[in-house]
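Construct the entire structure; sequences and hints are all you get.
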Amino acid sequence: MPKHLIVIENAKDWNLEADDLQVVDYQSYLMAPHSPTDVRVINLCRGYPYLGSGYYTSLMAEARGQRALPSVRTISDLSRRALYSLELGDLMSRLNKVASKVEEVGEEGAKELRFKVFFGQSQIPQLEELGRQIFEALPAPILSVRFKKGTRWRLESVRAIGPQYLTKAEKEALGEAFGEFTNKSWKRRKNTPNARFDLAMLVNPEEKLPPSSKASLNFFIQAGRQLGISVETIGPRDFGRIAEFDALFIRETTNVNHHTYRFAKKAESEGLVVMDDPTSILRCTNKIYLADLLSRNKVPAPRYRLLTEDQDPVEQLGDMSYPVVVKIPDGSFSRGMFKAKNATELRDRSVELFESSTVLLAQEFVYTDYDWRVGMLNGQPIYAARYFMSKGHWQIYKHGSGGKVSSGKADTFLVEDVPKEVLEVAIKASGLIGNGLYGVDLKQVGDRVLVIEVNDNPSVDHGYEDAALGKELYRVIMAEFLRRLELRVQGGTPK
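Count along the sequence shown starting at 1, add 136, and that's the number in our numbering.
Keep in mind the hints are simulated off the structure, nothing from the lab.
Treat each hint with caution, since some may be false.
[Stated by the list, open to error] For lysine-lysine, the following DSS-like pairs were computed, each having C-alpha atoms within a straight-line distance of at most 27 Å: (1) Lys307 / Lys284; (2) Lys307 / Lys139; (3) Lys607 / Lys556.
Structural data, given as structure tokens:
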């Protein structure tokens, strides 16, 4: 069965063949009574205006559960500069860094530069990286890009165009770029011939404290293979490949102002099964949001106050007693927080954190020898661990000079061996976030169980979180992906 379906309006627009490729005309595609869902529709119609042939091709592809390039959302974004400027926001802010390259390829004295991008490959070699970035933000087969020079070069417009505007040489370049765009996908499927679904696992080899080690990533790959899921690791530079897959599993520390969030948003817009989804990232990575959410829903948690930089933090603390723990909203792995023993420390140390955020979270200090971590998946606990404080320190992770990090020991439990009251609070807290994969951190003090935070993208690491279940933990997580993928094919909504 072909993996890529190219839809054209004129036979002159495409003349290449491949084993994994089928070419059909626009009318035949629209009138097809049955169409497989496991194909990628490459929409090469001659235009993409609203309610035109290109628009309806992508619209019908998405209605049939297929992935379309460009998607309806991309077509809509490209229709108005105000919309696609949002998608290109980060790129446009970095444009000064590549302006010299635009100057290099433009004619002397020129005030305008136009070039095309074919499946992420720039028509001008010097602008290859720029073309890739534009394609990642606005994925379409053929993009026409225009730069204009005033006091400096700036991106004037981006348009998706049809193949009828290409010269013979450009059509050849389009075919070569298509081959590059799909080649990795074809090779990957040959490596796992019985796979029903393709899952991308986003990792960053440069990350110092990744949520999963290399050994754990291999266990995920093995578990996926056993369930008929081909798992491929991808990196931050593979944004343009997201639509090749059926699912995205983020195994890199997430943040809203980060490529992990953009990957999650893109995957969700392409109809992939995503873990963790962008809503979960938004909710979990902001500790201020979490504190308010837990309070409003009467989930037990440490008392807190919000501190703003325009007022004295000591006065804002009110009747809370010292010591207090002060945090930036999006810190992780014990970073971006301090413990203030008195008013002087609170004032002095808050200054440095206010450089990162205009609002800080101050919580009552509750010391325990260890924190519980309950791993939740689709509303059910799947593992539990106790993380002990780093030796001689009040946190699990101790960040020393020179980037040195130490941590306390950990032990892991089967879910049935965890105190009932800990599980009950963890289930309630994670339910406020969603149905993804979460790690709920809790402190148990006598008969009190307090939620410290809920983490999306929790650690699943060999020798730690998998110490009780072993490889079964990886199979459980991959099995949930399989359940959601099968439900998607059937037209249902994951629960």
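| Numbers of unmet hints, in rising order | Of the numbered hints, all hold.
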